[in-house]
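Join the two chains into one complex using the hints; note that each chain is given alone, in its own frame.
Residue numbers (my numbering), protein chains in the order written: chain A, 2 to 304; chain E, 22 to 297.
For the record, the hints were derived by calculation from the structure and aren't laboratory data.
The following label-pair restraints were derived from C-beta to C-beta distances:
| # | chain 1 | residue 1 | chain 2 | residue 2 | range |
| --- | --- | --- | --- | --- | --- |
| 1 | E | Leu97 | A | Leu160 | 39 to 49 Å |
| 2 | E | Asp91 | A | Trp85 | 36 to 46 Å |
| 3 | A | Phe68 | E | Gly132 | 25 to 35 Å |
| 4 | E | Phe72 | A | Pro213 | 37 to 47 Å |
| 5 | E | Phe72 | A | Phe68 | 53 to 63 Å |
| 6 | A | Phe75 | E | Phe72 | 42 to 52 Å |
| 7 | A | Gln224 | E | Ile37 | 25 to 35 Å |
If you want the footprint, here are the derived chain A segments under chain E, 3+ residues with CB under 8 Å:
| # | stretch |
| --- | --- |
| 8 | 102-112 |
| 9 | 272-281 |
A short list of chain A residues far from chain E (calculated; beta carbon distances all over 12 Å):
| # | residue |
| --- | --- |
| 10 | Phe68 |
| 11 | Ile81 |
| 12 | His82 |
| 13 | Trp85 |
| 14 | Trp89 |
| 15 | Gly210 |
| 16 | Pro223 |
For every residue, glycine included, the Cβ atom is placed at its ideal position computed from N, Cα and C.
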Amino acid sequence: MTDTAATAPAAARGRSRLRRGARLAQYAGFLPALVLFGAFFALPLGLIVAYSFWETIDYNVVHHWTFDNYRYFFSVSTYIHTMWATVWVSVIATALTIGLAFPFTYWLVRYVRRGALQRLLLVLVILPFWTSYLLRVYSWLNILGDGGAINRFLQWTHLTDHPLSFFLYDRPAVILVLVYLYFPFAVLTLYASLERFDWDQFKAAMDLGATPRTAITRILLPQIRPGITTAVIFVFIPILGEYLAPQLVGGQRGVMIGNLIVNFFTGAQYTRGAAAALLIAALIVVLLVLFRRSLEVEDAYRA
Amino acid sequence: MREFEVVSPRARLVRILLGSWAVVIYIFLFAPILTLVLFSFNANTYGTFPFTGWTMHWYGQVFHDYQIKDALFTTLRISAEVTAIATFVGTAAAFPLVRSRLPFRSGIRIGMTLPIMIPGLLIGVSLLVLLTDVFHLQLSEQTAVIGQSVYTTPFVVLLVAARLQGFDPALERAASDLGANTYRRLRYVVLPLIMPAIFAGALFAFTLSLDEFIITLFLIGANNTLPIYIYTQVKFGITPEVNALATLLLGASLVLIAVAFALPLVVRRARRLVRA
Chain A
2 MTDTAATAPA
12 AARGRSRLRR
22 GARLAQYAGF
32 LPALVLFGAF
42 FALPLGLIVA
52 YSFWETIDYN
62 VVHHWTFDNY
72 RYFFSVSTYI
82 HTMWATVWVS
92 VIATALTIGL
102 AFPFTYWLVR
112 YVRRGALQRL
122 LLVLVILPFW
132 TSYLLRVYSW
142 LNILGDGGAI
152 NRFLQWTHLT
162 DHPLSFFLYD
172 RPAVILVLVY
182 LYFPFAVLTL
192 YASLERFDWD
202 QFKAAMDLGA
212 TPRTAITRIL
222 LPQIRPGITT
232 AVIFVFIPIL
242 GEYLAPQLVG
252 GQRGVMIGNL
262 IVNFFTGAQY
272 TRGAAAALLI
282 AALIVVLLVL
292 FRRSLEVEDA
302 YRA
Chain E
22 MREFEVVSPR
32 ARLVRILLGS
42 WAVVIYIFLF
52 APILTLVLFS
62 FNANTYGTFP
72 FTGWTMHWYG
82 QVFHDYQIKD
92 ALFTTLRISA
102 EVTAIATFVG
112 TAAAFPLVRS
122 RLPFRSGIRI
132 GMTLPIMIPG
142 LLIGVSLLVL
152 LTDVFHLQLS
162 EQTAVIGQSV
172 YTTPFVVLLV
182 AARLQGFDPA
192 LERAASDLGA
202 NTYRRLRYVV
212 LPLIMPAIFA
222 GALFAFTLSL
232 DEFIITLFLI
242 GANNTLPIYI
252 YTQVKFGITP
262 EVNALATLLL
272 GASLVLIAVA
282 FALPLVVRRA
292 RRLVRA
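For reference, chain E alone in the conformation it holds in the complex (with noise of 0.2 Å):
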C-alpha cells in the first residue's frame, strides 16, 4: 500500500491535501510555544509584540530573582522525593502486574492508570480533605510530594511493565539452570536487562513533577515552586521575565524527555554494537 504503484490524479491531490493538514497541524502545535521563546529575547518591556530588538536582559533577571531561585531549590527538593517514590513503588509494582497470576488482573491495570485518567483536580482536592481536615496536616512540600507520587507512579508503572512483559522468561531460566538463586538472577539477569525502562521511567516522573501544577496548587500551603509562581505572576498578566523563565523550563522538560525516549534506543543499539 505504501508504494503507491497507480497513482491517479485525485490520489494526488488527497495525498498533498493530507500532507498540507499535517504542516498545518505543527504550526498549531509549536507555534504558540515557539512565540514564548522569541519574546523572551524581545526587548519590548510588555513581553509581547513589537518585536523591538533582541536582549539577554530577562534571563538576567530570572537568575537574579531571589524568589525563583526559592521556588527553583523547592521543586527540585520535590522532584527528587518524587522520582524516588515513584521509581521504586512503580517498579515494584511492576513485577507482580506482569508475572504473577492475579485474579482480576485487567481490573487491576485499570486500577493502576486511573491516577492518569482522572482529572488531576479530583486528586487534588480529596488529597486537600483527607490531609488537612482528617489527618490535621499542615500542608508543605511533603504534602505536594505525596500527591504528585500518587500523579507519577502510574506512568513508571507502565513504563517497566512494557518492558518486563517483552522480556524472554528463557534467560532466567538459563540463570536458574546455571544455579542462580532468585537474587542473583534479579541483580544479574532481570535489572540489567529493564534498566534503561527504570531509568527513563525515573526521567519521566522527575519531568512531571517538575511541571507538575494542579496537585501542587492545592498541597503546597505557602511555598512556591516554579509552575505555581509562574501562575501567580501570570495572573497580573504577560510579563518578559515569565517569558524567560518560561523558556528555561520549557528546554528542561524537553531535553529531560528527549533523554529519556532516546535511551532506550541507544541502549540496544549500544548492545548490538557490542553483540557484532
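The shape of chain A in the complex, shown without the other chains (with noise of 0.2 Å):
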C-alpha cells in the first residue's frame, strides 16, 4: 500500500488523461469475475438460504416460508449432539493445530538464519498442503487402521495380541487428522507475522532484564495477536465444514455437521440440508465479521 501512496500524484497525472470511457475500462477486468463469482458462488449460496426455509412436499420443493427445517434440525437430540461434537472437535483441533505450530514457527524464524534454507525449511512444511486432500487423508489408514503401522507394531512386540481398533473410528483419530491437514496452513500465518516482528525489541526487553518468558508473553505475542486470529480463523472455518476426515477416520462415533449434510442432500431432502448448511455458514459468517478487524487478508495478496 505504501508504494502505491508514493506514487498516487504521478497516478493522478495518468489518469486525469484518460478519457471517461477508459476510466470505466479500468473495471472491465472484473466483468467474467463478477459472472463466475456471482452466478456461481453468491447465487447458489443465496438459493441455500431461501430452500433453507422453504419447505419439501412429496420430494418437491415447495416456496412456503417456514422454519420447519430448523425446527426439525433442533428437534432430533441427535443432530443436536452432533453440532455441539462438531464445534468441541474444532475448537480442540486448532487449538492444538496453533499450539503444534506455534513452538515450532518460532523455532524456523528465530533460530534457523534467515534465507534459502529457512524458505527451504518453510516449503517443505507447505508442500503436503498443496498434494491431494484426499490422499493426505488416506495415508492414515495406514497407520492407524486394523493392519496399519500402529497395530502391526504392537503384535510384532507382544505388547497386544489383536489389533486394536480404538485408534481408528473415534474423534480422537479425527483430531489428529484435522491437525495434520490444517498444520502447514497455521505455520504459513504464523510465519508471515513472526517474520515481521522487530527482534531487536526482544533483545532491548532482554537487555533491560526481562526473562525469556516476559519478552514473550509482553512485547512478542501482544504484536503478533492479529497473525495468530487469523490462524485461529483460517483453522477453525473449514474444520466445521469438514466431510472427508470423520468420513474416513472417523466412523460412527465420527460424525461431524459435515456428514449430516452430505446425508441430507444425498437423501434428496434439499430444504433440510439447506438448513444444516446455512448453520455452519452462519457461524463462519459470525466470526469473519467479529474479527474482520485483525483478520490479515492483505498479507495473502503480499505472500
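Structure below.
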C-alpha cells in the first residue's frame, strides 16, 4: 500500500489523461469474475438460504416460507449432539494445531538463519498442503487402521495379540487427522507475522532485565496477536465444514455436521440439508464479522 | 538476535528442545505420506504391514486398469478447462483489484478470497442445488468444471495481484512517454513482467483441480475423476493398487508445485544474469 501512496500524484496525472471510457474500462477486468462468482458462488449460496426456509412436500420444494427445517433439526437429539460435537472437535483441533505450530514457527524464524535454508524448511512444511487432500486423509489409514503401522508394531512387540481398533473410528483419530491437514495453514499464517516482528525489541527487553518468558508474553505475543487470530480463523472455518476426515477415519462415533449435510443432500432432503448448511455458514459469517478488524487478508495478497 | 553472542546453558537447552520439536514436526508431516509410498512397493497383497518384499507389480496393474485410464483422461480434461478459466478470470480480475481506485476495495478483496475460506462442502451442495434443481442440468464433467473454477480462481487472483502490487509504475509511464498505446504497454511491458506469476497461478490451479475432491464429488455425476475413483476404492479398505495410484498422483502434484514455486525465482535469477 505504501508504494501506491508514494506514486499517487503520478498516477493521478496519468488518470487525468484517460478518457471517460478508459476510466470505465479499468473495471472491465472484473466482468468475468463477476459472472463466475456472481452466478456460481453468490447465487447458489443465496439459494441455500432460501431453501432452508422453504418446505419439501413429496420430494418437491414448495416456496412456502417456514422455520420447519430448523425446528426439525433442533428436534432431533442426535443432530444437536452432532452439532455440539462438531464445535468441540473444531475448537480442540484448532487449539492443538496452533499449539503445535507456534513453537515450530518460532524456531524456524528465530533459530534458522534467514535465507535459502529458512525458505526451504518453510516450503517443506507447506508442500503437503498442495498435495491431494483426499490422499493425506487416506494415508492415515495405513498407519491407524487394523492392519496399520501402529497395530502391526504392537503385535510384533507382543504388547497385544489382536489389533486394537480404538486408533481408528473415533473422535481422537478425527482430531489427529484434522491437525495434520491444517498444520501447514497455521504455520504459513504465523510465519507471516513472526517474520515481520522486530527482534531488536525482544533483545532490548532482555537487556532491560526481562526473562525470555516475560519478553515473549509482554512484547512478542501482543504484537503478533492479529497473526494468531488469522491463523485460528483460517484453521477453524474449514474444520467446521469437514466431511472427508470424519467419513474415512471417524466411523460412527466421529460423525460431524458435514456428514449430516451430505446425508441430507444425497437423501434428496434439500431443504433440511440447506438448514444444516446454513447453521455452519452463519457461524462462519459471525466469526468473520467479529474478527474482520484483526484478519490479515492483505497478507495473503502480499505473500 | 540471530547471532547469539551470549549462550547460557538454559538458552542452549531451549534451542535444542525447539530444534527437536521441529524434527518431530517434520516426521509427523511426512511419515504418513512416506508410508503410503513405501507400501506401494510392498509385495504383500493387503497393502499394509508386514513388508514382504519390493515389487513394481501394483504400478503395472495401475497402468493396465481401464477404469483408472478413463478417470485419468476425465481428470485431465477437467483440469485443462479449469486452468484456462481460472487463469483468464483471475488475471483479468487482478488488474482492477490492484490498480483502480475502487470503493470497498478491502471488502472486494475479502470477497474474492471467500471461495477458498469457506468449506468446499458448502460450495458443492449449493451448486448442486442451483444446477440440478433450478437450472435442471444433468450432472457432468462441465458442472464439475464450474465448481472447480469457483474454487481455483481466487488462487490465481492472489498470485497475480501480489506480482502487480510489486510492479514499478515508472516502467509503464516510461513506455507511455515513448509513445506506446495501452495495448502495446500491456503486451510488451506489463505481461512479460507478470508472466511468471500468471504461469505459477495456472500451475497452482491445475494442481488444485487435479486433486480436488469434495466439490467434484457433488457435481461430477456418474463420471469419475482420479480422486473420486480412489475414494470409491478406499471405502472398501486399503489396496496396494490404490497405494500405487496415490503415489503417482502425489508425485505429479509435488512436481507441479515445485515448478510453480521455483519458476518465479528461476526467472528472476535468469533476468539478473542477463542484465549482468
